[in-house]
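Going line by line, the protein sequences match chains U and B.
Each residue of the first sequence is one higher than the one before, counting from 1 in this note's numbering.
Each residue of the second sequence is one higher than the one before, counting from 1001 in this note's numbering.
Some hints here could point you the wrong way.
Covered stretches of chain B (in silico footprint by chain U; criterion: 3 or more residues with CB under 8 Å from a CB of chain U, positions within the stretch not fixed) [said to hold, decoys possible]:
1. 1030–1044
2. 1050–1060
3. 1083–1096
4. 1118–1127
5. 1168–1181
From the structure, some residues in chain U lie toward chain B, with a derived Cβ separation under 8 Å [stated by the list, open to error]:
6. G267
7. G270
8. T343
Okay, derived cross-link-like pairs now, DSBU-like style, lysine-lysine, Cα gap no bigger than 30 Å in a straight line [what the hints assert, rightly or not]:
9. K1162/B - K187/U
10. K10/U - K29/U
11. K1162/B - K354/U
12. K1009/B - K187/U
13. K1057/B - K332/U
Honestly, the hints are just simulated from the structure, not real lab data.
Keep in mind it's a predicted model, so treat the numbers as computed, not measured.
C-beta atoms are modelled at their ideal positions from N, C-alpha and C, and glycine is treated no differently.
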Amino acid sequence: MERLILPDIKDLHKLDVYEAHGGYSALRKALGMKPEEVTDEVKKSNLRGRGGACFPTGLKWTFMPKQTNKPKYLCVNGDESEPGTFKDRQIFEFNPHLLIEGTIIACYAMGITTAYLYIRGEYGKWIRMMQKAVDDAYAKGYIGKNILGTEFSTELVIHKGAGAYICGEESALMNSIEGERGYPRVKPPFPAQYGLWGCPTTINNVETISNVPIIINRGWEWYSKIGAPKHPGPILVGVSGHVNKPGVYEMPTGVPLLEIIYKYAGGVPGNKAIKAVIPGGSSTPILRGDQLEGVCMDADSMKAAGSAVGTAGLIVMDEDTDLIQVIARISKFYHHESCGQCTPCREGTGWLHKILDRFVAGEGTKEDIDLLMEIANNIEGNTICALGDAAAWPVQSMIRRFRDEFERRVARRTAPVVEAVSA
Amino acid sequence: MARMTIDGKEYDVDPKLTIIQAAAENGIEIPHFCWHPSLSVAGNCRMCLVEVEKMPKLAIACATQVADGMIVKTESERAIKARQAVMEFLLINHPLDCPICDEAGECKLQDYSYKYSIGYSRFEEDKVHKPKRVELGPHVMLDVERCIMCSRCIRFSDEIAKQPVLTFTQRGDHVVLTTFPGTKLDNPYSMNVIELCPVGALTSTDFRFKSRVWEMSSTESVCPGCARGCNMQIWVRNNQILRQTPRLNEEVNSYWMCDAGRLNTYKPVNSPQRLKAPMVRKDGALVEVGWDEAIAKAASELKSFKKNELAALASAYATNEDNYVFLRFVREVLGTKNLDFVRHVVEGDEDELLIRADKTPNSTGLKLLGVGPMEGGRDLTGIIQGIKEGVIRALYILEDDVASVPEIAAVLPNLQLLVVHSSIQNKTTEYADVVLSASTYAERHGTFTNFLGRVQRIRPAVATLEHDRALDGFAMSRWDKFASHNDRWGRPMKRDARPTWRILTALAGALGTKFRYNTSEEVFKEITERVPAFKGLSYAKLGSGGVTIQLREQAAVPAS
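Okay, chain U solo, but in the shape it has when bound (with noise of 0.2 Å):
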C-alpha cells in the first residue's frame, strides 16, 4: 500500500520538500471549501481517533458551537506516553507538516484561531524539530494573519509537557496548558462546551489530525475505502518486544496481527512460540497467543477478540516471558502516573502494584489473584478519567487469560520441599 502518513521520501520534514510533494495543496483546497463542507468531508471518511479511543474525528468537530462569542480551541495531543506506544514520534520527525497542515485545516473547519500542539517533555529532540517546522510554515504564511491570503488566520503554539503520563488525558492536557496541576477535569461539561481556559475546544491526536490533510486531497470516497470499512485509513502500528524487525509500520487498519507480526516486523526471534501481545499500547487488554488468529488492527476485530486498538502499539511476548513481572512492571507504571485525584485510582493502582511486586518476590497467595481481581474491577469505571480503567484492564485481563502463570507462581512457593531420605 502506498504510504501516506510516513510517505517514504528524503528530508519530508523540510518545507520545500513537502511543498515539492503536493505539501499545503489541501489546506488551499480546505480554505477554498465552507468549514462546514471540511468538516463534513472529514465526517464523511469515517476517520476516527488515533489516540486510544476510536472516536468518529468528524462527529467529534460537530460538537463546537457554531455560534459563541467565546474564542474556540485546539488542541493536538502529543503526549505520547503510553507504554508501547512512539507512533507520534514518528510524524514529527518525518513529517512535521503533515501535522501542521491537518491543524491549519481541522481550525479551519471549527472556526478556531489558536491551536496547542502539546508535545511530552522528554521529546525534547522532536519539539526542536517541530518548532522549527512550525517556524517555517509561520515564514511562509501557512499560520498566522491571513492564512495564504485569505481571510481566515490561526495561531499554533507548541506546548511542551513536564513528564506526567496524565496529561495525555485530555482534560489534564487542558489544565497543563493552562499552568495548572494535571489533574483530569469532572466530566461533563465536556470540553466542546468547557474546555481550555473555559472555551470551547476539541483535542485530537497527532496522527487523527495528520489524516485531515489527506482526506481533504484525496476525498472522503477514496480515504473510506482504505482499511477496514468501519474504522478506515492509514495506521501507523508501532511493534515492540519479541519481534526481529522492531518500528512504526504504517499499514491500512484491519490488517491481521499475525501477519504484522510476521510480516512487517519479520518474526519472532528464534522463531519461538509467541506467548502473548499487547494490542494497542500497555492500557489494552493482553491476549493469548494462541488466541491472535484472525484478530485484525481494528476496533471492531479487536472489541471481538476481548481488547482494543488503542493506539497500535503492539508488544509482542514470547514464550519465555515472566508475564509475572510484565503486569507487575506495567501495574507499576500505572501506580507512578496516577495523578492521585481521585480514590480508588490513587489507592488502587498502588496496592496492586505491591501485590504484584510480592508475586515477583514468589510470595503471592492463591488469594491474593482474587484480590487483584476485585481491586482491578473496583477501580475500573468508578473513576473521573480512564487512567483507572488503564490500570485496571491489563490486571483483569491477565489473570483471565494467564491465571495459571499465577497459580504457578503461587505453588512455586507453597510446594513443599521433599528430599529424599534414604532409609
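Position chain B against the provided structure of chain U, taking the given hints into account.
Relative to chain U, chain B alone:
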C-alpha cells in the same frame, strides 16, 4: 420542577440541582467526603457514586445534574459495592490512629467506616509514609498521612478565604498537601479548614491533644468578637472552654468563622486574671468580698452623690437584657441623664466575608434599646469633660475596659467613685472602688443584635457558682453525665460571677427600687413588650439561628 425518584420514593426537585443537593434538600444524605455545599465541586472522593438508571456507569451524585424522570438508587448492590470499595481504598494508606487522633469522634472517615465499610481490611502491604507534623501556618497543623486528598481545604483557601496558598504536589498515593514555596496558611479564616477537613489531617494548634471530642459539651452560642455575631459552638470540658467552632447560619456566617473570633474571645473566659468574686476597695486595695457586702457598699456609695454628679456607661459587649436593665437602672434608680457607651471600631479591620470593624457584638442592640444620653444629659465626650472638670464625680461602668481608651483612662483618677461590672482584672478595674464580678458571654443567657439587626441568643456553656449543669439545662458531655464525686472532673472550678442584669436587679433593690426579674428570658419578654423593634420576639422564636428585625433610623425609647 423535575420529578425524580430516589430509592423508590418520588420527589419534585429544582432541575438545576445535582443529585446530592436534591437528596439533601429532601433529607437524604448521600455519603460524601469532598463535596461541600459552599465549595466548588471536585468529584474526587468517589464516595457519592450512585446508580442512575439508563447510565452505563455509576455516577457521582455531587456532579450529576438531576433530570425529569431520573431514577437514582443509592442502595443498589452496585452502589453499595462501590462505596465499600471507596472506603477500603481510603483506608489502606490511612494511619488508623483513631485512638490518638484529635478528629476521632467527629471524623467522617471514622463514621463512614462504621456505616459503609466492610469492617475489615484486606490490605497486607506497607502503608505509604508521609510527613506527620507540618505547620501549615500559625493555627493549623497538618498530618499528611491522614489526608484523603479531598481538596476541601484547597478550595476553601482559593474560593472563600481568597488566599490560594494550598496545593497538592507529587502523584498517586504519594500526593502531598502543602503550601506553595514561601507561603503560609496564614489568613483571618485559616482555621475553617480544620472543620472542613473530613479527617484528622488538619488540626488546630490551639486545641490539638487537649481533649477527646466526646469528653466536651457543646453549646450553641454566638461569637462576641465583632458586630457580625457568627454562630458558633462552645466546647467545654471540666468547666473550661477548649475550643469554639462555627455553626451553620446562612443569614449570618454560613459555615465560617474568623480565627480571631475562635481564639481571642474565649481566652479571657479561662484566664487566670478572671475575677473570682466581687471586690471592694479597702485601705487602697481591692479586696474580695461577698455579694451582699459588695452590693451594700455600691448602694451606700452611690447614694452619697447628687444625680447630676453621676454618669453611666453601658456596654456593647453586654447583652440586650443587661443593657435594658441598665437603662432602667440609670433612669429609675440612679436618676442621671448622663448615659452613653463606648464604641470600639477599628477602622480598616474589616472585610467582605465576615469581619466587621465594630468589635462589639451588640452596638446595634444598644441603639435599638435607646441607650444614649437622655434629654439634657451628657454623651461620652460630655461625660469625659465633666469628669475632667470635676462636675461628674461618680461613674458606673458595665462590662467594658474603657480605660483602654487613653482619653478615658486619663480622667478616671479624678473620680470619687467608680463602680465597675467586669469579669476580669483589667485597666479599668485598677481604678475601681467597687468591682461587681460579671459573668462572661459563655456563662449566661441573653441576646445580641448584630449589625444587620439579627437578634441571636447566647447560652451558658461554662457554669458559675450559681449554676448546676444538670439542673440548669446545660449541654452535657459524657464526663458531665457520668463523673462521680471522686473524679477530678466531677468537681470543676466555678467562679463567683453573675450576669449583669441580675447584679443590677440586686443593686436596684438595695437602693429601694424593685426589679422583678428572675431570668434573662423575663427581661427579654419585657423588652419585647416595651421596645417596638423587638416586638413579637421570644427566646423560643429566636431558636438557634436568631431572627432578623427591622432596623430603624430612629431608636425607640422604652416607656418606663
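Here's how the hints hold up against the structure:
1. 1030–1044: Since 4 is at least three, the answer is holds.
2. 1050–1060: holds (count 3)
3. 1083–1096: holds (count 7)
4. 1118–1127: Coverage by chain U holds for the stretch 1118–1127 of chain B (4 residues, Cβ < 8 Å).
5. 1168–1181: holds (count 7)
6. G267: violated (38 Å)
7. G270: violated (38 Å)
8. T343: It holds, given that the least Cβ distance between T343/U and chain B is near 5 Å, below 8 Å.
9. K1162/B - K187/U: This hinted pair holds, its Cα atoms lying about 26 Å apart.
10. K10/U - K29/U: holds (25 Å)
11. K1162/B - K354/U: Status violated; Cα separation ~40 Å.
12. K1009/B - K187/U: Holds - the C-alpha atoms of K187/U and K1009/B are around 27 Å apart, at most 30 Å.
13. K1057/B - K332/U: Holds, at about 26 Å.
Checked against the numbered hints above, the structure breaks hints 6, 7 and 11 and satisfies the rest.
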